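Just so it is clear: in the sequence shown, position 23 is 23 by this note's numbering, and no numbers are missing.
Treat the hints with care, as some may be off.
Just the calculated beta-carbon pair ranges, DEER-fashion [said to hold, decoys possible]:
1) I28 x W62: 36 to 42 Å
2) V48 x I9: 33 to 39 Å
3) Q30 x A56: 22 to 28 Å
4) M42 x M1: 19 to 25 Å
5) V24 x G57: 14 to 20 Å
6) K7 x V46: 17 to 23 Å
7) Y44 x P69: 44 to 50 Å
Derived by calculation from the structure, the hints in this document are not laboratory data. This structure is a prediction, so every number in the text was calculated from the model and none was measured. Yeah, the Cβ is synthetic: ideal placement off N, Cα and C, and Gly gets one too.
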Amino acid sequence: MPIRLRKFIGMIALVVLVIVYAFVAMVIAQLKLPEAPRWAQMLYYVVVGLAWIFPAGAIIAWMQKPIAPKD
Numbered sequence: 001m002p003i004r005l006r007k008f009i010g011m012i013a014l015v016v017l018v019i020v021y022a023f024v025a026m027v028i029a030q031l032k033l034p035e036a037p038r039w040a041q042m043l044y045y046v047v048v049g050l051a052w053i054f055p056a057g058a059i060i061a062w063m064q065k066p067i068a069p070k071d
């Protein structure tokens with residue numbers, strides 16, 4: 001796959017990831033956290049705020065993978 005196509009697909013995947021992840025995190029927070037203690041809310045937002053980095057990093061690593069040489 002050409003590098004430009006891989007980066008284009010990766011860019012779209014990153015945008016979709018961020019939108020879907022933010023929506024799911026927001027829905028979970030609204031359903032589960034209103035009656036939770038303040039420390040649990042803070043912990044949730046810290047963990048969820050950092051957890052999207054791992055799938056985004058995997059997408060970026062895939063985007064940066066060099067083209068396989070043809071034998």
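To see whether the hints hold, each was checked on the structure:
1. For I28 paired with W62, a C-beta distance near 27 Å fails the hint of 36 to 42 Å.
2. Between V48 and I9 the C-beta distance comes to about 26 Å, which lies outside the given range of 33 to 39 Å.
3. For the hinted restraint 22 to 28 Å between Q30 and A56, the CB-CB distance of approximately 23 Å keeps it satisfied.
4. Between M42 and M1, the C-beta spacing of about 42 Å breaks the proposed range 19 to 25 Å.
5. Between V24 and G57, the C-beta spacing of about 18 Å keeps the proposed range 14 to 20 Å intact.
6. Judged by the Cβ atoms, the range 17 to 23 Å given for K7 and V46 is violated: they are separated by roughly 31 Å.
7. Take Y44 and P69: their Cβ atoms lie about 46 Å apart, and the range 44 to 50 Å holds.
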